[in-house]
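Chains as they are written, first to last, in this note's numbering: chain A, 1 to 319; chain B, 1 to 116.
One or more of the hints may lead you astray.
[What the hints assert, rightly or not] So the derived list for chain B, only partly shown, Cβ under 10 Å to chain A, looks like this: (1) E27; (2) D59; (3) D70.
It should be emphasised that the hints constitute simulated quantities derived from the structure, not laboratory data.
Even for Gly, the Cβ is constructed at its ideal location relative to N, Cα and C.
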Amino acid sequence: MHTIPSHRFFMLAAGIGTLILSNFTGALSPAMAKTHEIAMTAVETDVVIDGGGEKYAAWTFNGTIPGPVVRVTEGDTINFTLTNPATNKNPHAMDFHAAEIDFLKNYRAINTGETISFTFVAKKPGIFFYHCGAPPMIQHVARGMFGAIIVDPKDAKAWPKADREYVLVQSEYFKNPNDVQAMFDRKYDGVMFNGGIFKYHPFVSGGGKLDAKPGERVRIYFVNAGPNEFSSFHPIGEIWDNVYESGNPANKLTGVQTYVVGPGSAATFDVVVESAGAYPLVTHSLTGALRGATAVLLASPDAKPMPLMPMVPWELPAK
Amino acid sequence: MANPLSPYAFLVGLIFFFPGNAFATQERITLMLTGPACTQVHSAIGRTLEQTAGVRRVDLQAVPGHALIDIEPGTVTAEALEHQVNDLLATHPSCRADIMKSCISADPRSANTAVP
């Protein structure tokens, strides 16, 4: 007889999964390809999506929007396992844009109580989207089943060393998570960075910021999860020193004011902030920027180190 | 080469007077503090604001030169807080508080809507 583990159990499992991922995160020797065991759990749970404590009935990888950042090095092998607990109500799946493998076999949806495993080699360096592909995919993405995988180039000298790195994943927020028609009709209510409305906007209630020091090369790994809207990513008060399409060092642009990242795509942005001050990073599609997709990069000499993806889950202000 | 325009000018120009985002259950009011003596009166400004009815939290550290003030919606206005701080600063003319305002608002319901 099967026992049905509690939701808390799966959140714990998700946390352990995240720890496992973090153990495999970090710079690896360029000469030695490694194998990574990556386990994720589909977690259907409420998540806070703004500084006011608004909760959203999300579908997630490991309980957060976005899911955990996976970081490997070009040439590494990823043994991936997705678990869809029996306590969930929906089929789920995983589609890694960093992989070059058969979609029918590997990206199929699994029912509740099932697991699926597949293996791929991260052959191309860059920043890539991952997401659930279970039907209707538009809803699974809109409800939060997405994340980012960084494939570092095996030659670390392929591009300038970054002094500070952040991951930003843009997505649309649909207030009614069950209104699939609104998703098809692009009737979104907000645009999020890393699963939050104005998550990195210090002048909005509960908002944080991204820190940097003047003169640092700040590298933004940017993914547009969509599901529908294009991002026109721009650093207010600055110019992107370099943009790398799909995050591949070979795809280098220089001196770019604004760069368009379509849904399901990604790019890496470098900016050297020359003086202290505030530099809002926005989608210059202003209906998105002014409804949540504004992240303020605050340059200050006493800036402290921050995580790659700060405030996941949301850090609510003291009340 | 960086954009020659001041980032703070952009800050004022673009962002940042939100009467609270469309989904929030509390509001944040931001006062810009300008003048060479402002850091010397941070403590007094913080005490004054924290003692004001409706104010939940004051942060004078997160963004240099700014007071981030979380309030209970509808309990106190930005103008009232601005006046309160400037009254306090009457004896410190080298520091002044102003509400962060913008020609572009995040909230279409706000009073910043342009008049044709």
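Inset, instruction - Would you pick out the hints that fail for this structure and give their numbers low to high? - result: Hints that this structure does not satisfy do not exist here, as all of them hold.
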